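Residue 245 in the working numbering is what sits at position 109 of the sequence shown, and the numbering runs on without skipping anything.
Keep in mind the hints are simulated off the structure, nothing from the lab.
Wrong hints could be hidden among the right ones.
To be verified - Simulated pairs of lysine-lysine, BS3-like, Cα-Cα distance not exceeding 25 Å: (1) K208 to K247; (2) K208 to K233; (3) K233 to K196; (4) K177 to K223.
As the list claims (entries may be wrong) - Simulated restraints, written as ranges between beta carbons of each label pair: (5) F224 to N298: 19 to 27 Å; (6) L221 to E286: 15 to 23 Å; (7) Q159 to A194: 40 to 48 Å; (8) L221 to D291: 29 to 37 Å.
These numbers come from a predicted model, not from an experiment.
Backbone N, C-alpha and C fix where the C-beta goes; we use that ideal spot for every residue, glycine too.
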Amino acid sequence: MAEIGKPVKTIFFNLLPQLNEEQRDSISDSVLRFLCDRIKKGEGEFYPNVLETIEILAQKGYRILAASNGRKPYIQTILEVSGILPKFEPILVLDNKRIRTKAEILEEYIKLYHLKPNQILMIGDRLSDHEAARQNGCPFAFCSYGHAPEGEIPDFDLKLKNISDLNEVL
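Please work from the sequences and hints to get the whole structure.
Put into structure tokens, the structure is as follows:
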């Protein structure tokens with residue numbers, strides 16, 4: 137569980153340090169195909185109220201953006217299968233060149249949509265989400281029901297016990 141939320145290359149380096157990058161990338165590609173196939177077969181599930189909350193926020197006129205360390209096929213498969221991909225703006229992902237971190241994804245969204253940092257609420261459950269928000273001056277909503285071990289998140293602007301808590305705040 138400690139690897140969840142990290143960039144894919146980091147995960148596979150940490151899991152398979154004895155292999156070279158080409159070997160790790162090959163295994164990573166196989167895992168990506170496997171995960172996408174399983175998702176397409178209906179395996180996996182969202183946390184409670186995620187789909188409904190995204191629908192409500194989109195109806196309220198909020199721009200829905202994704203900032204994930206996951207690869208684009210994985211993210212798009214999840215959003216397509218769930219039927220909420222149309223609610224999202226075009227998805228930016230790590231390309232390991234121009235965009236290497238979630239913080240850089242947020243920075244790109246700020247530039248792309250001419251936003252001020254306080255116009256983005258970064259919602260997440262891992263340190264990389266917190267760091268992305270703080271490095272860009274964005275408020276951070278911590279999903280306390282997520283994957284972060286106790287003490288990983290040093291501070292937050294909003295604590296969510298359920299994603300639907302956003303409906304009361306926004």
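Hints, one by one, checked against the model:
1. K208 to K247: Holds, at about 20 Å.
2. K208 to K233: holds (15 Å)
3. K233 to K196: violated (35 Å)
4. K177 to K223: holds (22 Å)
5. F224 to N298: 19 to 27 Å: Holds: the Cβ-Cβ distance is about 21 Å, inside 19 to 27 Å.
6. L221 to E286: 15 to 23 Å: violated (34 Å)
7. Q159 to A194: 40 to 48 Å: Given range 40 to 48 Å: holds, Cβ gap about 41 Å.
8. L221 to D291: 29 to 37 Å: Given a distance of about 32 Å, which is inside 29 to 37 Å, the answer is holds.
Consistency with the previously given hints fails for numbers 3 and 6, ordered from lowest to highest.
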